[in-house]
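Protein chains: 2
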Amino acid sequence: MEQRLSLITLGVADMARARRFYENGLGWTAQTAMDEVCFYELRPGFGLALFLRHELEKDAKRPIDGTFSGITLALNERCKADVDATFAQAEAAGATITKPPEDAAWGGYSGYFSDPDGHTWEVAWNPQCVIGEDGSTTFGAG
Amino acid sequence: MEQRLSLITLGVADMARARRFYENGLGWTAQTAMDEVCFYELRPGFGLALFLRHELEKDAKRPIDGTFSGITLALNERCKADVDATFAQAEAAGATITKPPEDAAWGGYSGYFSDPDGHTWEVAWNPQCVIGEDGSTTFGAG
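Chains A and B are the protein sequences, given in the same order.
The first sequence begins at 2 in this note's numbering and counts up one residue at a time.
The second sequence begins at 2 in this note's numbering and counts up one residue at a time.
No lab work stands behind these hints: they were computed from the structure.
One thing to keep in mind: the hints can contain errors.
As the list makes no split between identical chains, a pair holds if one copy fits it or if it spans any two.
Below are the DMTMM-like pairs computed for lysine to aspartate or glutamate, each with C-alpha atoms no more than 25 angstroms apart in a straight line [to be verified]:
(1) K100 to D66
(2) K81 to D36
(3) K81 to E24
(4) K62 to E134
(5) K100 to E24
(6) K81 to D15
(7) K100 to D135
(8) K62 to D104
(9) K100 to D83
(10) K62 to D135
(11) K59 to E92
(12) K100 to E134
(13) K81 to D66
(14) K59 to D118
(15) K59 to D135
(16) K59 to E134
(17) K62 to E103
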């Protein structure tokens with residue numbers, strides 16, 4: 002698994018409230034915004050998503066409880082085979098696979114595992130996503 | 002507050018177990034490792050730290066409970082005044098200030114706030130840290 006990160010997702014209870022905080026309050030600009038999810042490009046080249054908590058729970062197949070506060074870290078791979086390879090490696094390393102990789106409604110391929118402390122990683126392939134030579138992840142560029 | 006990120010911190014219960022997972026299991030290489038904290042450089046230009054949970058609780062002045070699973074996101078600023086400015090902005094935006102910025106034992110200046118969903122941000126100035134033109138954060142380079 003590369004030492005690289007593509008996306009941080011924050012589960013939020015109220016999208017309007019969360020967007021007011023990050024956009025009106027902190028001055029951020031959204032790249033794309035939908036009812037359940039809103040993406041921001043962060044320097045030096047990855048993304049941060051606000052995602053409704055109950056949708057994130059469904060997507061990650063994991064309740065947001067005492068060990069999962071609703072933050073996931075994501076690594077976007079260059080192809081589906083690389084997703085499977087990283088999952089095999091993570092499982093061998095002792096990860097808990099909470100969602101084996103599967104085709105996603107948004108057109109990609111994604112699964113989730115947690116590390117020994119319960120921190121949640123998503124490993125995904127997204128056809129809309131470009132991984133640069135410098136390790137940057139650009140969304141919506143495919 | 003810039004749309005930029007410098008560091009992700011994962012609270013861990015057992016440093017040896019966590020390092021075995023990320024290093025022996027996933028193949029990562031540590032940049033620097035101490036008893037309580039271990040840093041990794043992630044592409045495209047920021048850091049991930051493993052930090053003993055009880056030390057992170059003390060540092061963030063926040064228990065790791067149902068709303069705080071022990072992940073913090075950090076923005077490193079270029080000077081102390083920028084830390085204060087970001088805190089003023091965050092407070093005006095409705096953030097909960099859990100630790101106002103203060104001089105840190107490691108030689109920098111740091112505080113923590115949480116967003117409306119309880120997600121924890123650290124905003125810091127670290128004299129060992131260089132912020133590149135591209136928004137990358139390089140640790141231990143000062």
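Hint by hint, here is what the structure shows:
no.	hint	result
1	K100 to D66	both (17 angstroms within a copy, 24 angstroms between copies)
2	K81 to D36	neither (28 angstroms within a copy, 37 angstroms between copies)
3	K81 to E24	between (34 angstroms within a copy, 23 angstroms between copies)
4	K62 to E134	neither (32 angstroms within a copy, 39 angstroms between copies)
5	K100 to E24	between (32 angstroms within a copy, 23 angstroms between copies)
6	K81 to D15	neither (33 angstroms within a copy, 32 angstroms between copies)
7	K100 to D135	neither (29 angstroms within a copy, 35 angstroms between copies)
8	K62 to D104	within (14 angstroms within a copy, 41 angstroms between copies)
9	K100 to D83	within (16 angstroms within a copy, 41 angstroms between copies)
10	K62 to D135	neither (32 angstroms within a copy, 36 angstroms between copies)
11	K59 to E92	within (21 angstroms within a copy, 32 angstroms between copies)
12	K100 to E134	neither (29 angstroms within a copy, 38 angstroms between copies)
13	K81 to D66	neither (30 angstroms within a copy, 35 angstroms between copies)
14	K59 to D118	both (21 angstroms within a copy, 18 angstroms between copies)
15	K59 to D135	neither (33 angstroms within a copy, 35 angstroms between copies)
16	K59 to E134	neither (33 angstroms within a copy, 39 angstroms between copies)
17	K62 to E103	within (12 angstroms within a copy, 39 angstroms between copies)
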